[in-house]
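Visitor: Sequence:
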Amino acid sequence: MSVCKNTIRWVLLIDILIALTVIVLMGLLEFGNFPRNQIGFLCNDPKLSFKFMGDTISVVVLISVTALMPILVMWITEYTCHTRNYNKETECNESRLKQVWFWYGHYTIGIVALAVGCNVMKVVIGEPRPHFFDTCQPLEARNCTNEYIKTYTCTNSIDSNWFIEDSSKSFPSSHSALSVFTSIFITSYLQERMTNKTLLVKPWFQFLISMWTVICSLSRIADNRHHWWDVLAGLVIGMITAILVVIFRCRLFRLERKTSPKRVKSDFIGNEQVACFDEKNYQSKKKLVNSSHNVDIPEGRELRDITVSWKE
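Residues 58 to 369, numbered by this note's numbering, are exactly what the sequence shown covers, in order.
Read the hints as simulated data drawn from the structure, not as lab findings. Ideal Cβ placement from N, Cα and C applies to all residues, glycine included. Careful: at least some of the hints might be erroneous.
[Said to hold, decoys possible] Below, in silico cross-link-like pairs of lysine to aspartate or glutamate (EDC-like), each with a Cα-Cα straight-line distance of 20 Å or less:
#1 K155 - D72
#2 K104 - E249
#3 K155 - E249
[To be verified] Computed beta-carbon distance windows for the label pairs:
#4 R308 - K254: 40 to 46 Å
#5 F305 - N203: 49 to 55 Å
#6 W67 - L154: 44 to 50 Å
#7 V271 - N63: 47 to 53 Å
#8 Y136 - W285: 25 to 31 Å
#9 I206 - W132: 51 to 57 Å
#10 A124 - F91: 22 to 28 Å
#11 G174 - K104: 33 to 39 Å
#12 P260 - K108: 19 to 25 Å
#13 K104 - I215: 32 to 38 Å
#14 T165 - L257: 29 to 35 Å
#15 L154 - K254: 22 to 28 Å
Work the whole structure out from these sequences, hints included.
Guide: If you want it as structure tokens, here you go:
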């Protein structure tokens, strides 16, 4: 017992250390003086000359929807589409509470890994946003014509340093990556767990959830926050991550069934299923036949090998 407790403590300690490491890494990537790359820009580039227009979908809204929508959808679906004794009736191992938190735990791990990956790529690539000239106001762009500037210095003294550095983190779009991850996760869950009592309810809900990705992605282009290829890259990255989580971690949201000890076990030899021989059951059947019809069955012989002679 003590060995098991110590193992659980070590596993829990490792998980906590990993979680703290991820939090610190996210803080350094977002707010710290983390070394970042500058890919430069072309003077008077029209793709970088847009005005900053704010965010239609703010970071707070994105995080709130990303964190709350999956757990709410799963809770509502489980408690409206399935009875309290559903897991017992289908011989499933886990209760609804444990199963929902199991799926949501893997969703959280996937979404955090996706967010960290996107932030790392933003820092490593350092692509200017469409409103780069308006936000950074690079010194080298004032008197240059048709030149490529490799290194630059921002002269904007009004906005915060975080906002100025963020103007060079366009690729890929985290909004599109996180939103498509959430949409694919929830629509896949609804496809497996939501009952088909009506023809249109399930596809309608799936359509509404998918529109979250469409709104997030298109708003990033309309707000001059990302180039179209940034949004496309974010969609591809988020889609691949979501598919991997749904298939390999959540097992397509299919419940594990109990293995009943009362079921007859089988041995498989050369792809042929052979039923196991039950000695106790055989003896009881032998006694029943002997007492009812006085059939003499030699010891150690199978019933199918005996020519029965009835004594009336």
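Visitor: For every hint, state whether the structure bears it out.
Guide: Structure-based check of each hint:
no.	hint	in the structure
1	K155 - D72	holds (19 Å)
2	K104 - E249	violated (43 Å)
3	K155 - E249	holds (17 Å)
4	R308 - K254: 40 to 46 Å	violated (24 Å)
5	F305 - N203: 49 to 55 Å	holds (50 Å)
6	W67 - L154: 44 to 50 Å	violated (26 Å)
7	V271 - N63: 47 to 53 Å	holds (50 Å)
8	Y136 - W285: 25 to 31 Å	violated (41 Å)
9	I206 - W132: 51 to 57 Å	holds (53 Å)
10	A124 - F91: 22 to 28 Å	holds (24 Å)
11	G174 - K104: 33 to 39 Å	violated (25 Å)
12	P260 - K108: 19 to 25 Å	violated (40 Å)
13	K104 - I215: 32 to 38 Å	violated (24 Å)
14	T165 - L257: 29 to 35 Å	holds (31 Å)
15	L154 - K254: 22 to 28 Å	holds (24 Å)
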